[in-house]
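Respectively, the protein sequence lines represent chains A and B.
This note's numbering applies: residue 1 is where the first sequence begins, and numbers increase by one.
This note's numbering applies: residue 1 is where the second sequence begins, and numbers increase by one.
Accuracy of the hints is not assured; some may be wrong.
Taking CB as the label site, the calculated pair distances span [as the list claims (entries may be wrong)]:
no., chain 1, residue 1, chain 2, residue 2, range
1, B, A161, A, P202, 37 to 47 Å
2, A, L37, B, E209, 16 to 26 Å
3, B, D163, A, T246, 53 to 63 Å
4, A, P266, B, G251, 54 to 64 Å
5, A, Q27, B, A188, 44 to 54 Å
6, B, A153, A, Q117, 40 to 50 Å
7, A, P177, B, E489, 50 to 60 Å
8, B, F346, A, Q74, 21 to 31 Å
9, B, A153, A, T527, 55 to 65 Å
Don't read these hints as lab results, they were simulated from the structure.
Keep in mind the model is a prediction, meaning the values are calculated, not measured.
Just so you know, even glycine gets a beta-carbon here, dropped at the ideal spot from N, CA and C.
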Amino acid sequence: MRSKLIAPLLLALLATLALAQDDIPMQAMKDELSRSLAQLQLQKLDKPYFLAYRMDDINQSAVSAMLGSLTQEQPSHMRLIGVEVRVGDYALDNSNYVSLRNFGSGGMAGMFSSISQAPLDDNYQQIRRSFWIATDTQYKKALEDLSAKRAALEMRKRTDDIPDFTRETPVTETEPPARVQVTFDELKSLAREISAVFRGTPDIYTSSVDLEFRNYYTRYVNSEGSVFTRAQPVFKLQINARSQATGGLPISDSIVLFGRTLTDLPPKDVLLSRTRAMADRILKLRSAPSLERYNGPVLFEDQAASEIFTQQFATGLMAVRTPLSDDSRFEMFFNQMMSQLGGGSFVDKIGGRVLPEFLSLSDNPLMPDYKGARLLGTTTIDDDAVKTRETKLVDHGVLKTLLATRVPVRAVPHSTGNRRGWGPAPTNLIVTSEKSSSSDELRKELLRRAKDRGLDYAIVVRRVGGGTAASFMRMAMRMAQQGGQGGDSLAEVYKLYPDGREELIQGAEIAEMTPAAFKDIVAVGDTPVVFTDEFIPRVGSLFSLGIAASSNVPVVSSVVPSLLFEELTLVKNEGPFPNPPISPSPLAKQ
Amino acid sequence: MNWLRPFCSLALLSFLPSGLYAQQASTDPVLAAMQQELNRSLQNLKKAPLPPYFLSYQLTDNRAIQISSSFGALTGSTDHNTRLLDLDLRVGDYSLDNTHPLRDSGPSMDFSDQLERQKIPLENDPDALRVALWQETERKYRNAVQKFQQVKANVQVKVEAEDRSGDFSHEGPETYFEPPAPFSFDTASWEQKMRKFTAPFAQHKEIIENSATVIAEVETRRYVNSDGSRIQISSPFFRIIISATAKADDGMELPLHQTYMSFRPDGLPAEAAVLNDVNHMVDVLLQLVKAPLAEPYTGPAILSGRSSAVFFHEIFGHRIEGQRQKNEDEAQTFKKKVNQSVLPDFLNVYSDPSLKSYAATELVGYYPYDDEGVKARRVTVVEKGILKNFLMSRAPIEGFDRSNGHGRRQQGYKVVARQSNLVVESSKQVSRPELKKLLIEQIKAANKPYGLLFDDIEGGFTFTQRILPNAFNVRPTVVYRVYPDGKEELVRGVDLIGTPLIAFSKIVAADDQVAVFNGVCGAESGWVPVSASSPGLLVSQIEVQRKEKSQERAPILPPPPATQTK
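Construct the complete structure from the given sequences, taking the supplied hints into account.
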């Protein structure tokens, strides 16, 4: 009893202490939140039981170049605010509800109305005004949604009683804005220099270098007493190159690197030589042999292991709640859509085996680096102001839980501290193994298994390619009926012969890979590598189509050893392909 | 062209030997790279089974500084450089090519231009530029060949089109060169000004939304085509847009807008003048909030010059754009009306992109050459009430097989015929008080309790978003009731309805108060600057209904205080 009395006192004390250091935006947010909580009520209707205000200060510098010449230089600064209003109570509130009837009028715009812009000036009154208007709009919408949701629930027998929102311990945490200063000129000259590599390769038809520095500073306050500020600078370098084989097959590859600062990236000479190596490989691929159907063991080496793991397995690790709707067909459609997009959740697999018994997997936001390599998912607090912690996802092959936000699902009743942007996302995914093999041993094992099947070669994948952003683009193209041509080929695949000879293969793609394939991993390497990419949860991506640009896309690092799959099917990409160019590149004649 | 020069020296320029242009033009490395790559592409594509018969490149360099504020605080300040390529490649021939509309194929879902758009180097390295041009030429060629097969099949299976004119007009080569226009803009001092321009709105709880934006840009368009045209046009463009919305107690939202536009750096009004207008906006908004609701009404009305100008631009101007007479999905209101009366005989209408000012006001619909490299020229649309001509791009229509320099687009869109400077003139005029007297006579004759005066109309224009809006909305924002005794009373919630074209036939008189409306008009080919000018008009019968009001209540809590309360 005693401690319960002390807690609010302590909180009040902390709040006063914090007040002294609050900057103007934080003061404005706290004052408007207190006023709304105390006074906001429409007639005799429900008052909000929960309010959260967020402000993202986003300083961004984006530079792109091709062939040594800039194609884009864009510094920008904006402040996005988000207001979360909940009426009802933790068990049943206005959230987790989609009204199809109102889709026409409010539509997608209505879904994203909780995001708006705030002034760039530290103008106390105008920042409060932004929150005042946003809160008013969201409160009215919340009242409407709650009454519609109650009506929808009366029409049917409710089968589940999972609460809409979890209770979590309030947290106070402050962090000053990141002092990382990247000069625009520095970015420009680096982009020019790397992109100029392709001036010497006219047969690489398009190439680009994109450098982006996004400095996020988040201020957050909620009615449960949580307050935090958090700095998350992200630096991204992407080098793309595309060509076509003589038969038309598109060939593309990219190098994507992330860091907190420019100095997290490899030095310039390393970047240049990696770019040249990629260019050489693309040129070789243009006339490389292709492969007919292959059924057999496949080794994903180094980065390729991380890529296949994050693209095909990790997307199922999120606890995604199916929203209730006034039209029950929506729930059917939602679940169908999820599985069609390959992003079905593992929620029904909890307690079952999803990996071989010698493998375990955890999500670890508290690990700053892996053997000196920076991990980008590291954070102490998530976007719901929940303290982050390590989550053991898979223990000796068995799925234990999923990553969740404060929106619970049946098997995951509490937040795991994984709200990142629009929903749950991993932070740092760490795969550990009880047995491991050296690179040579893995290759020997691969060849032994191939021989057992009567194959005269085996397959090694060293780059998968087509990361989340690329597959997101392809999905957009398909939705726009552009019939995404070719495209899913693996970026770097070799035939490995018993004598150790490697042969580069063009246009190979994996046929029908499902997460079940990961149960049949037979061996793993002993030197995991760190691979970092943006993470767009596939289902979430559909709902954030309109605001993808303005949301903080989570960056996830994964530490995965090389993976040897017992059996996969590889087929030849049959197109159709666009015709190769009629004219040679203007660079060719010089 | 340099906008600071007096008009006469500009006229003088056109007498200079064309050799000089060629010399200046050939020293521009970008234009030279464009020409080289155009020639090389044509040469190489000649060997293809279906060689293009027309190819053009247009590169648009744009530097835009945009500063916004709301209620006295800065909300955005950006400075962007872009260079965009618009490439027109045609296979087939002038009578039938890949751009021919496919009939019964539903709305076009081809977003390939948006999704696959080639990035263009901002810097003037000829090699990098030529690679970008080459890539885009190849992509467009592949699409054109594919599309042309569909066109041929579509033409065979469908009934013969009503309009059998060709797909592209023959035009001669043009050469014209302006050096890149000088540009300077003091961002810091304008950020301060923009804060001041929206501060007055923060004083009133009735005003729920507010923004002010200044856009200062300089645009250089370079154009080459296979007809032998070579054109470079460069000009700055300055705009201020101020918007505010008040909310009445019953939830009705009442918007007001104020815009200023000029091609000249000194063409924007002084700070004091803008502040004066802002204070006036605040006054009108506060009056509107308390104004009585309009009732459904049919009867005589005056449209002020400004209202008439917007009205003509939206209701009349868009219907004289050439391609609308051809597209079989369009109403084609005027197609069969050529040489027939469409307006009272005292009205003349023309469209003149070569006009730089009118009624002592600068016109932003000015341009020397359109986006298909055709020289801009004056088009007499209506003479003494009789329809004479349409605004034409290089897409011919029956009876009108040449362009008259109205093919326009925002960078990144397909060219269609658009308006430029639309001018409505009356051969008989009365003074403004006289026009009001005539209105009162009409009110009495029709035995109505009052008439209406439309002082301001919100045209179909928006500035910050590039999403295509319904560009043909005409929403009156400031409307007065005029009583037989001459008393005027502000009302709110007026919505103009009925068949707008009938209104044209009911125009009975014009005043001598010519007003110019400068705006940015959005349609199929994006946003383009336009103007419309008209005297005030008396219409014997107009129909209005009550505006559908927003169901959203005013905010529950009052606005937050200006400073922290301890």
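Problem - Supplied distance hint 37 to 47 Å, evaluated on CB atoms of B/A161 and A/P202 - result: holds (44 Å)
Problem - Pairwise beta carbon distance, B/A153 to A/T527, judged against the given window 55 to 65 Å - result: holds (59 Å)
Handout entry: CB-CB spacing for A/Q74 and B/F346 relative to the 21 to 31 Å hint
Key = Given range 21 to 31 Å: violated, Cβ gap about 53 Å.
Problem - Beta-carbon spacing of B/D163 to A/T246 - inside the hinted bounds 53 to 63 Å or not - result: violated (45 Å)
Exercise for the section: Please test the hint of 54 to 64 Å on the beta carbon pair from A/P266 and B/G251. Expected result: holds (59 Å)
Practice task
Note whether the CB distance of A/L37 and B/E209 lies within 16 to 26 Å or breaks it.
Solution key: The hint (16 to 26 Å, Cβ to Cβ) holds, given that A/L37 and B/E209 are roughly 25 Å apart.
Problem - Range hint 40 to 50 Å (beta carbons of B/A153 and A/Q117) holds or violated - result: This hint holds: roughly 49 Å between Cβ atoms.
Problem - Hint check for B/E489 and A/P177 - Cβ pair distance inside 50 to 60 Å - result: Given about 55 Å between the Cβ atoms, the range holds.
Problem - Cβ distance range 44 to 54 Å for A/Q27 and B/A188, holds or violated - result: violated (26 Å)
Of the numbered hints given earlier, the model fails hints 3, 5 and 8; all others are met.
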